[in-house]
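Enquirer: With the hints in hand, could you dock these two chains into one complex?
Just so you know, the protein sequences line up as chains A and B, in that order.
Numbering-wise, the working numbering puts 91 at position 91 of the first sequence, and it's gapless, one number per residue.
Numbering-wise, the working numbering puts 543 at position 285 of the second sequence, and it's gapless, one number per residue.
Cross-link-like lysine-lysine pairs, in silico, DSS-like; alpha carbons within 30 Å at most:
| hint | chain 1 | residue 1 | chain 2 | residue 2 |
| --- | --- | --- | --- | --- |
| 1 | B | Lys318 | A | Lys119 |
| 2 | A | Lys119 | B | Lys467 |
| 3 | B | Lys610 | A | Lys37 |
| 4 | B | Lys588 | B | Lys611 |
| 5 | A | Lys197 | B | Lys467 |
FYI, nobody ran anything at the bench for these hints, they're computed from the structure.
Take a look at the letters that make up each chain.
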Amino acid sequence: MIINGRGISPGVAKGKIALCDDYVSPLGEMGKDGRIKSGKCEDLEFKGKIFAFRGGRGSTVGSYVLLELKENLTSPIGIINEKAELVVLTGAIISGIPMIDGIPLNILKNDDDAIIDGKSGRLELLNVTQKDVSTVYLFHGDRLLVLHRSDKVSSYQNQFSAISGHIEEGETPEEAGRREVLEETGIEDIEIEKTGKPFPVRWENIVYMVHPILARTKSDKVNLNWENQEFRWIHIDELGKLNTVPRLKEALEELMKL
Amino acid sequence: MFLTKDEEKIFDGEMGEAQAIAIRLLVSIGEINGADSLIPIKSAHISGVSYKNIGDGGMKFLKKIADRVKVPTTLNPLGFDMERNGPVEVDRDFKEKQLEIIKTFMSMGIKESFTCTPYYFYQKTSYGDHVAWAESSALIYANSIIGARTNREGGPSALAAAIIGKTPNFGLHLDKNRVADYEVEVNGKLDYSGAAALGLYLGTNYPGKIPRLVGFNYLRDFELKAFGAALAASSATSMFHVENRTPDDTLNRGKKFERIEIDYNQLKNLMEEKSSSEKPELIAIGCPHLSKDEIDYIASLVKGKKKDKDVEVFLFASRETIKNSLESVKIIEEFGAKVFADTCMVVAPLSKKYHKTAINSGKASFYLPMKEYGGQEIIFRNFNDLLRWAVVDY
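Looking at chain B on its own, in the form it has when it is part of the complex (with noise of 0.2 Å):
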């Protein structure tokens, strides 16, 4: 791999232990990969914030790496929400450690922007630009959705691409490794869930390879963002393609593809499968985070109605999408709903106090029922099915 005499200083440790660490680790990961050089990149979206992910090990490695970074960096959900607590009470060492991390994040000059979904209003990030994001929700979307190139990149990865402002030129950098591997079609209309779904069937069957979706010109972005959510939480795919509208799609212009056709009951069985049958304790709203469009129509179907007192529902956002909402965030905590930024049903310790959850996320029927990570009993179904244990009279 070709390093200039900047990025060879850099790579001697002449710019300190904490650089050399981060550009040794990316010219591993090059090297590797067969990457030719390191390239800009505009920005870095870090994973791996929360204590409950990255441990003590994961905090020596912080510690070790902390330097400025070069480009705007955004952080993921950490345990709690940082102004109203919860969801659920961590303990005082759980917290402790966490604000450690957090002080260690923010003296590297990276944002307190603690959310999966760094494209709402936090990042800037437009087509054809190259960024180095790890969360692997958050990294399809900017590939599919957006055009911006990155691989996906581990939580260590990217924050060694923020402070390098580099990373190494290979995979969803390059256009010949953005088209698609495959077409898929399914024979009815898919919602937010249903799309979710999908992207647990393609995940689990066709690990790795990029879909190219046909006749899904319907799905809103917000169902895209369901869909490959979960497609990357269940795989290592990180791009997607719906035909005629998400913006590489002219990559895959005149070429044939294998089609797979998919039945629309496999997908109702996929989810039932995974559902229990009993009455959930909580509802579980936003994995990844919500969009203030998100917000403004659950706003509307909860206006005016009462919440069951037997049910919790809990709906999660980023802070900035929250404080552009409040109308609508006023009228969901009227219905007896909480909204919490900064954190997500992933990643806070749900378990301490809830066992039954009920989640129209893909993603989230990937990670909660783990028995040592989330320890839920899920029911996954689509938002308006999931409204009928909340509201009372429905």
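If we strip away everything but chain A, and leave its shape as in the complex, we get (with noise of 0.2 Å):
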């Protein structure tokens, strides 16, 4: 899959992906072997790979760390930030080490083979497929449908989840989104009340992108199809109690939002 951030430092990388989900400091944190030496990601080796971190903390001569790892032959090939900071920024274009920002950690994994292009800020993942899908959360007066997933399903066996399936070609995600609503539940009288902002979620080597949607219904009759072991009807409250599929319920709350 392509996802396309910002350019921070020119140059292509290409590599193994080494993921750190916290802020580094590169002085202090950064070791002169190649690995992390402290903090949530000890040990993690980013030598000779796309080191892709939160961003920058700590001190302001981290610029000249990463100077230091490159004359050393011990630093990242390609480094991706969520945000980009001065001093990592500072770093890798005097190192010329190619940089980009703007890609949501989530999407990546340890070792994911991928090409950074530092002056267009695309990335490229090439062990992984980008699949959309729709995601509806339906409500009937201030109760939500919730799914419990069969162990039949491709992903997310026997989680909870919202209404969701796979948008086809030639479908808009609202169009997607009632026919799922149709099959998962036999429900159709719906009324599409908001879309949100599509976000992206890492299941094995799919990065699925989800298209939430609000819906409401009159109807609180349900007839599952293979794809469901059991519904429930809840209140709000009751999500964080339920084992879900990631991010159901903060992306719900994202929706009521706008």
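Expert: Here is the structure:
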């Protein structure tokens, strides 16, 4: 899959991802041997890899640390940040390490095969494919419909989710949402209230681009198909207590704020 | 980004390679961050002075970029005290390389001012000044307490700004980016180390966000210095406000913020968690460097007392601060502690001699325990608690 961030330091790098879901202080935390020395990502090897971390922190001397690592042949070959700050950015530019930012780290896994272009900001993940899915949060009054996924579906077996399914070619997210509601619950009369910003969720070698939709129905009669084993009409406060697919609650909260 | 004719000439290399590298770095940074132009700065402060920090790669870069600076420029601390040596012996190679780095900086017209607190004595910085400062504890002080305007410069970008005399206009140079993101309250009174612990807590939990402290008017400037240093070490946050106190708090008037309430005990616990229970070999004070007021206060506490011979006590301040506090320094040295200039506990290679260090600084508590960097077991307490170890019959 390809995702476009922002170009920071020009150059192209191709290699494996080393992922640290935290902020990193190059001074003190990036060791001369090419490994992280302390904190949440202790021992992670970034040498010769495309090092993805949230952003820089700590000492403003960090720029020189990257230069020193480069001299030492123990630097990352590329850098990905969620949001770049000046210290890492300057370090990447003066050391000639390609760097991009604006990439959500939750689409990455350690050892992904990646190519970054530090000029255009483009990231290509060679081992990952992207699929678009619609996720419909369906309300009847103040109750939300959650479905307990069966063990026959291809992902997130036995977890609770909203009504979710692939967007077929030529379909809009709304059309896919209506179709999935009908297929998975038998409910026809839905009224789409709003749609949210699509967000990525990583599952094995797939990134699902989830298009969240908030909809209402007057019917509370549900006929499940094979994809689900159980349904519940719940109050949204109960969502936190269920074992759900990733970001189900967060995405609903964002959608309701719109 | 708009460049003037003169700036374009520099960019094209007409004024030499050093200036070309400097301005190209500034322009890349500006373009990435949406700056409209370069703006003149009043001063610069450079981090990346200790050989321990910049290494051979940094030395090569310095030589390439070495050119006369166009604004008053100060330097961060280095690995040892230039006059009395120490706090630990450094080997000849380290010393030679360090002196070579200093020579390069001096050839550029930079002041011999090895401190992380350039705002005491060296730099006359005022409200509203645009500056380009590296050293996270100094730049957060400049933004927050003085009300000057600087981004969180890396060592090389601050140097580039000094050489050109300008910096790209974005980020904290603009009013709209200097407004608070959230408010903070604590249900207890903080001392120096408590303020530092709060800085660590906020840096870790709200990285990059600008806090506005509510009900903290009792904190003195040196305590806010400790708070800011810890906040800026543990995150990329480069500014804070104190309600009705810091100069740019006017930007927050009439705005509503999410308020976070922090339990005082949570901060005490945070300090405990970082602390070993063993007796320290060394008590190190002055991260960031001490002010004259702090040195005078410490002198008043140890005057006429005797130091325990098993514990070393080292204080760190800038040479100018020490020169202006000679009487107090004398009292402190008579007690048996040592006061070092030019260096500090973080950039000196402490672990060559010491492994258990007691500190009252949140910033030091972030760096010293790092295995490859500080290599210290630490005890993080307020100064009065630390004195119990240092003073005979306390």
